[in-house]
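Engineer: In order, the protein sequences belong to chains S and E.
Reminder that position 245 of the first sequence reads as 245 in the UniProt record's numbering, one-by-one numbering, no gaps.
Reminder that position 17 of the second sequence reads as 17 in the UniProt record's numbering, one-by-one numbering, no gaps.
Note that these hints are calculated values from the structure, not bench results.
Mixed in with the good hints there might be a few duds.
Claimed, not checked - Lysine-lysine pairs mimicking DSS-like chemistry, simulated, CA-CA at most 25 Å apart:
#	chain 1	residue 1	chain 2	residue 2
1	E	112	S	96
2	S	96	E	109
3	E	96	S	219
4	E	4	E	109
5	E	112	E	137
6	S	219	E	112
7	S	115	S	61
8	S	86	S	61
9	E	96	E	4
10	E	4	S	96
Said to hold, decoys possible - To give a feel for the contact side, a few chain S residues facing chain E, derived at Cβ under 7 Å:
#	residue
11	98
12	99
13	101
14	183
Where a beta carbon is used, it is the ideal one built from N, C-alpha and C, also for glycine.
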Amino acid sequence: MFRNQYDTDVTVWSPEGRLLQVEYAMESVKQGSACVGLRSNDYCVLGALKRSVSELSSHQKKLLEIDDHMAMGIAGLTADARSLAKYMRNECLNHKYVYGDNIPPAVLMSDLADKHQRTTQTYVRRPFGVGLLVAGVDPQRNSCHLYQTCPSGNLYEFYASAIGARSQSARTYLEKHYESFPASSKDELIVHALQALAGCVSGDDELTKENGSIAVVGKNQNYILIEVEELQPYLDKLEIKRNDDDDAEEEESEDAEAMET
Amino acid sequence: MANKHTTRPITTGTSVVGLVYDGGVLLAADTLLSYGSMAKSFNTPRMVSIADRVLLGASGEYSDFQEIVSRVEALALAETTQSMESVYDERTLSAKSLWNYLRAVMYQKRSKMNPFWNDLVVAGFENDAPFLGVIDKLGTTLQENLVATGFGGYLAMPLLREKWRPDLSEGEARALLEDCMKVLFYRDCRASARIQLAKVTKDTCIISEPYELDHSNGWNAPSMQRAVGDLDGDGGW
Chain S
1 MFRNQYDTDV TVWSPEGRLL QVEYAMESVK QGSACVGLRS NDYCVLGALK RSVSELSSHQ
61 KKLLEIDDHM AMGIAGLTAD ARSLAKYMRN ECLNHKYVYG DNIPPAVLMS DLADKHQRTT
121 QTYVRRPFGV GLLVAGVDPQ RNSCHLYQTC PSGNLYEFYA SAIGARSQSA RTYLEKHYES
181 FPASSKDELI VHALQALAGC VSGDDELTKE NGSIAVVGKN QNYILIEVEE LQPYLDKLEI
241 KRNDDDDAEE EESEDAEAME T
Chain E
1 MANKHTTRPI TTGTSVVGLV YDGGVLLAAD TLLSYGSMAK SFNTPRMVSI ADRVLLGASG
61 EYSDFQEIVS RVEALALAET TQSMESVYDE RTLSAKSLWN YLRAVMYQKR SKMNPFWNDL
121 VVAGFENDAP FLGVIDKLGT TLQENLVATG FGGYLAMPLL REKWRPDLSE GEARALLEDC
181 MKVLFYRDCR ASARIQLAKV TKDTCIISEP YELDHSNGWN APSMQRAVGD LDGDGGW
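Looking at chain S on its own, in the form it has when it is part of the complex:
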């Protein structure tokens, strides 16, 4: 973007009425690798593309367990995300001790959004440089929910969403298919998540069992993480599906997908 005299402190407005530090923090989210989330009535699935620094290094974990009924996917500054995960896990445990039940995700997310906002109005702090996709099950209403936070402190609930590098491709895919999600099975949702993620890889890379990961929470499903070997069967389904789609759309011309850097 651009450097100017209004972007040094988060407490300084630009003449256009913007908080540039907050916007720069949101840029950090866009630099992180892609993370997608979608839900049906019974399950909520998160998918993430794990980056590795070099061939020698491991892939960076992007899906975290917050509680039995809550999962979190991250894009941006991993360290900031871990700090937020620690806070959320603590809140979940405290709630469970005092009230004997899982914390309603909406309540925790509301407090989390306030926590983000506080950093945008204090002289000595900086905004969190991470976007979160949080999947959770409300114990009182027995319903599944997907939320997204960003450094600005805005909180949104989604049927499906994607954040991070090249995530527009995933969002376009999800927009195309989201109406079929409420009735989808758990496996179908996972394949949709992987399909959405597949469009977010860079250049020659492809989605493999090493760099892909899936997390699921649901009404009768405690948090599970599907990675490496367990992920392969779903990736195989992806191939079959992709071939079927290619055959079906041979005659159609597809819209060029907008690419985001």
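Chain S is already provided as a structure; the job is to place chain E on it using the hints.
Structural biologist: Frame of chain S; chain E shown alone:
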């Protein structure tokens, strides 16, 4: 900093009795406030309804009950305003989560050797099932179909256990509770015949106005008949 610790209750209420019947929960308590052996007030309610959904009753120190109610009402209010959904979708305190919350409070106070000197009764109806639980001053919790605090534990529980069935109608449940309250009036010297009944079902949560139990036949009970001595009717032994 020297803090005083509660060592004994001063202004007290006696038993709270409750049972689960077919379709809801019924509680009963008298409205007497005792000050040691003095009967201080005859019309004090010892059960309240929270958020029109949950009943909370207490025996023991009345000032502690008032403090607890104050905190719980604030909690219920905060519950409705919390969360982004609350504008569209009411979020209210459930009986079970209130019961758990009170457990945490009571246990913490006891652990600091400064308890709320109460036996608390929590009743509600959620997830299509009745809920009835107690918490004592130590933070012990019990979830049961039949509860009775204070003297009720000795006098009312045996009656409840004998007569209770899971499919009691509301009328039968009410009659059983009134019978228990009558026995308590006869034998608990800190009890009165002026009682309240409280009911929570799927659609209602109400507490009756205080009313007097009919104890006019009490002196005719067999145990109250005394043999008159040889001196024909003057009551001598």
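Engineer: Work down the list of hints and note, for each, if the structure agrees.
Structural biologist: Going down the list of hints, with the structure as the test:
{"no.": "1", "hint": "E/112 / S/96", "result": "holds (22 Å)"}
{"no.": "2", "hint": "S/96 / E/109", "result": "holds (19 Å)"}
{"no.": "3", "hint": "E/96 / S/219", "result": "holds (20 Å)"}
{"no.": "4", "hint": "E/4 / E/109", "result": "holds (13 Å)"}
{"no.": "5", "hint": "E/112 / E/137", "result": "holds (12 Å)"}
{"no.": "6", "hint": "S/219 / E/112", "result": "violated (39 Å)"}
{"no.": "7", "hint": "S/115 / S/61", "result": "holds (23 Å)"}
{"no.": "8", "hint": "S/86 / S/61", "result": "holds (15 Å)"}
{"no.": "9", "hint": "E/96 / E/4", "result": "violated (32 Å)"}
{"no.": "10", "hint": "E/4 / S/96", "result": "violated (31 Å)"}
{"no.": "11", "hint": "98", "result": "holds (5 Å)"}
{"no.": "12", "hint": "99", "result": "holds (4 Å)"}
{"no.": "13", "hint": "101", "result": "holds (6 Å)"}
{"no.": "14", "hint": "183", "result": "violated (23 Å)"}
The structure does not agree with the numbered hints 6, 9, 10 and 14 stated previously, though it agrees with the rest.
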